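Residue numbers (UniProt numbering), protein chains in the order written: chain E, 1 to 880; chain P, 1 to 131.
The set of hints was computed from the structure by calculation and includes no laboratory data.
Take every hint as true, because none was put in to throw you off.
Sample of chain E residues with no beta-carbon within 10 Å of chain P, all distances over it, derived:
1) Arg181
2) Pro429
3) Ala487
4) His526
5) His737
6) Gly795
What follows is a list of derived Cβ distance ranges for each label pair:
7) Asp20/P <-> Gly620/E: 49 to 55 Å
8) Asp39/P <-> Arg582/E: 31 to 37 Å
9) Asn482/E <-> Asn109/P: 42 to 48 Å
10) Gly65/P <-> Glu799/E: 39 to 45 Å
11) Ala64/P <-> Glu600/E: 49 to 55 Å
12) Ala64/P <-> Thr455/E: 34 to 40 Å
13) Asp20/P <-> Thr455/E: 56 to 62 Å
14) Gly606/E <-> Asn109/P: 44 to 50 Å
15) Asn109/P <-> Pro735/E: 42 to 48 Å
16) Glu600/E <-> Asn109/P: 53 to 59 Å
17) Ala108/P <-> Pro735/E: 40 to 46 Å
As the structure is a prediction and not an experimental result, all values here were calculated from the model.
Heads up, the beta-carbon is just placed ideally off N, CA and C, and yes, glycines get one too.
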Amino acid sequence: MAAAASPTSARTDRPTIVLIGHGMVGQRFLEALAERGVTETSRVVVLCEEPRPAYDRVQLTSYFSGRSAEELSLVERDFMDRHGIELHLGDPAETIDRAARTVTARSGLTVGYDTLVLATGSYPFVPPVPGKDSTGCFVYRTIEDLLAIEEYAKNVTTGAVVGGGLLGLEAAGALTGLGLRTHVVEFAPRLMPVQVDDGGGAALRRTIEDMGVTVHTGVGGKEITAGEDGAVTGMELSDGSRLDTDMVIFSAGVRPRDQLARDCGLEVGERGGIVVDATCRTPGDTAVYAIGECALACDGRVYGLVAPGYEMADTAAAAIAEQDTDGFTGADTSTKLKLLGVDVASFGDAHGASEGALDVVYCDSRAGVYKKLVVGADGTLLGGVLVGDAEAYGMLRPLTGSVPPVSPEQLVLPAGAGAPVALGPSALPDDAVICNCHNVTKGTIRGAVTEHSCTTVPEVKKCTKAGTGCGSCVKALTSLVNDELEASGVIVDKGLCGCFPHTRAELYEVVRTLRLASYEELLASHGRPEARDGDGCEICKPAVGSIIASLAPSVGADGYILDGEQAALQDTNDHFLANLQRNGSYSVVPRIPGGEITPEKLIVIGEVARDFGLYTKITGGQRIDLFGARVDQLPLIWSRLVDAGFESGHAYGKALRTVKSCVGQTWCRYGVQDSVRMAIQLELRYRGLRSPHKLKSAVSGCARECAEARGKDFGVIATSNGWNLYVGGNGGADPRHADLLAQDLSHAELIRLIDRFLMFYIRTADRLERTSAWLERIDGGLDHVRDVVVHDSLGLCDELEALMAAHVHHYRDEWAETLNDPERLARFVSFVNAPEAPDPSVRFTPERDQIKPDLTLLAGPTLPVRTLESVRPLEGTSAR
Amino acid sequence: MTTATATPTATEAATTAAADSPTVEILGPDGWLPVCTLDRLSPGRGVAALLPDGTQAALFTDRAGRAYAIGNRDPFTGAQVLSRGLTGTATGRPYVASPLLKQRFDLANGECLDDPSVSVPTYSVRTRGGA
Ligand SMILES: Cc1cc2nc3c(=O)[nH]c(=O)nc-3n(C[C@H](O)[C@H](O)[C@H](O)COP(=O)(O)OP(=O)(O)OC[C@H]3O[C@@H](n4cnc5c(N)ncnc54)[C@H](O)[C@@H]3O)c2cc1C
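Could you put the whole structure together from the sequences, leaning on the hints where they help?
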């Protein structure tokens, strides 16, 4: 990234391309230039008004459900450097001098250009009502807008959105998510007037109202009223009524940002938009292009969607590279709403405006489902509206313009109501566009598998970009990729290991339904034929051990993992109930629920550490790790800890680790709930729960999030109305912010949802698959998980809750159980033939007043190797 | 180092093994060395034995009741831990996977399955007596 060093950036010998606006389309344009090699032959300068490089505006609202500004970024970290592009952040263009071919930015920087590309996007239209500039009035377009809305919403209780279109409903969803009572005011007689018809609008209204949003249609905002401090107090409506509200978001449409073009005499449309031809070039100046939402395309339309903008970006880049292009002559305006819990999509000719168009409608007002397909006289699918059930969108949109292989009636009937065929992507022609955002056809996706040897959906996404825009096609993409893999004979062995052909989730089902609580039996009955007589392996043993432990009470197994056959399945950490360290010593972590500890207990930990000479360190999970214990010391250490009231912390297990907390409402002046009490309760509830991988959690007492709950497998954040539950977060090498699963839950609702979520994860995840990876992998992702655990779409919730109840009921402290049983203690010796002898190889040296492993003892030359043949047994020379 | 409570220690427990179980012996540098009774070994799980010259052996049994002994030292880390690994079978070969970095060692000939240039010593084992 180049800094604005000199006020005048001189023209170099290479031609210079200046891009004004680094939004979604601007970035796509840069990528298209790079793909065509133009960045190597030209100097490219970008003027970006916003303080950050291009980000995914389409997914803007997901900022509120946990995506960070960095995660929304569209620019690969080294993209600009790699292509030598000069990006000037926070420095908007102010004037264009077409005669001199220069652009001057706010900082005073002047850049000469050979080619100028305008990608300035739109600005939100704010109706000229009195009071529109009061404190508490916002628009919804940039990350900065969202930050301001989030901050203001902290201190108020009610919000109103002016405009009931696509964006207005997204904004309303965001306001309810922030805990506000929310109103939507729409001038047209129905919601989303542009996309849906009256029937769809009615079904949509019911769904939106069910979410707790109050809908006012057929009225407009006439005046915003403000108090003496200038802050919004309410809104007068056109029907004479009044709405009390503390804040207003205007979402009444957008207008092209064409002022720069107007000022330099370029032609603009009557209702705005920079006039361009089919190559996106301005007719009045062959050196200037306009792309994206600021352009008035040659079909006389300004497109407010990203897919047409991307097409324009490709078109302009091709024209600049002097390559052939089909040009941009118009585009599809299909949309799918990405609102929490609302399924709305419209595509093609949704209003049946084409001549001779006929409707096929399915409507179930009770369930809030409305589906309409528009077909031509010859059966061609022209478009449609889906409300309440947009499942079929991914399939129907690509079929638009063709005659579907089954009748339209069958396409709108719900599954199970006589719809005979599930229409798969195999029914689509190769030129059907699967990903609208990136214009990727079925043929291209198939090619990714057959020609580019992609074998997974993520690989295909990377290779084709399909599914990386709005995400609505991922389902269709997945089944297409799987079909193609199958067809090309790639056998994807999903088996857990060389011993079992099943996935972990399948083995879980086998154990659960057949109540098979023995590894040996499982291997003999379900192992691969060649593995059935063997001893298994180090991959499936702990995995099966964990499945049996998770299900122990319900399959009649002992919850104690170290007796009988189960003992032989555990990894060494579980086997010794401690964590193996590099020199063969172990570390010990007592449970400190919620990170709360009395001084007395703290002193006991200190005394134990001192008496056994252990290295002591505070962990990231708000507890204390004691390092350097020999195997034979573990029972002695634990008998002291158990006497003092400590329990195993399961730091050694694929199990619940800690539930971290901030200090919460009790002490903190910002806290809105008692986060410590909640964290302790959660930790005690789920302690000892064995799972496919470790589980971490945290509870924050307010939105400041000091406990970092969104970096956890399940994180809880207090709101003034209850608790928000986030899932699938992760720190470590592959960080991921957790996604919002449900909000404003009562205490009991929260516990019930976590019970279900954890048990569903344990049931369906792969071995060593954290919740973050699991959520990304499973079909339908977060939405599917929400359907299952919140809406009980699979009818599983009772069972999931019962499993958790059994776990809670049967929990016992593993260390107390071990200490009480001499047989169980027998393993805690360094040598079977010299139980009193400490292991001489476990030694320590001092460092910073504590110990560290003495690795010199381990580093010596490898012992001479003797093979079995060289040591013949000598009968009768027993040393006895 | 002190311990205040009267919890049974591992040492006491280890000496309470049944007397009528056969004895397992390892052939060390000074001849056959009895290490423990067979019932102290469970299939799939190892124990460590201290040999008279101070070296350590890791002792295992498989499901068929066959006993194996290899060096306890993990050549990749130097730590004496192989007895604490999990065992398995790969193409008919019994092995133990190091609990530290998971390399597998053939129990019969000591060869590392994941790096044939590395191996660990092996010891002859036999069982004697018992009721
Ligand atoms: C909440 C929300 C949800 C949306 N959902 C969808 C959806 O589901 N599907 C869909 O297809 N579309 C959706 N959109 C619309 C989509 O975001 C736009 O179509 C897309 O961003 C257009 O890209 P653009 O580059 O033309 O404009 P923008 O992304 O707005 O980028 C224009 C950039 O130019 C900058 N700029 C303006 N003037 C200057 C200047 N003088 N100098 C320098 N820089 C300047 C602006 O600051 C801005 O960063 C949504 C939009 C929002 C706000």
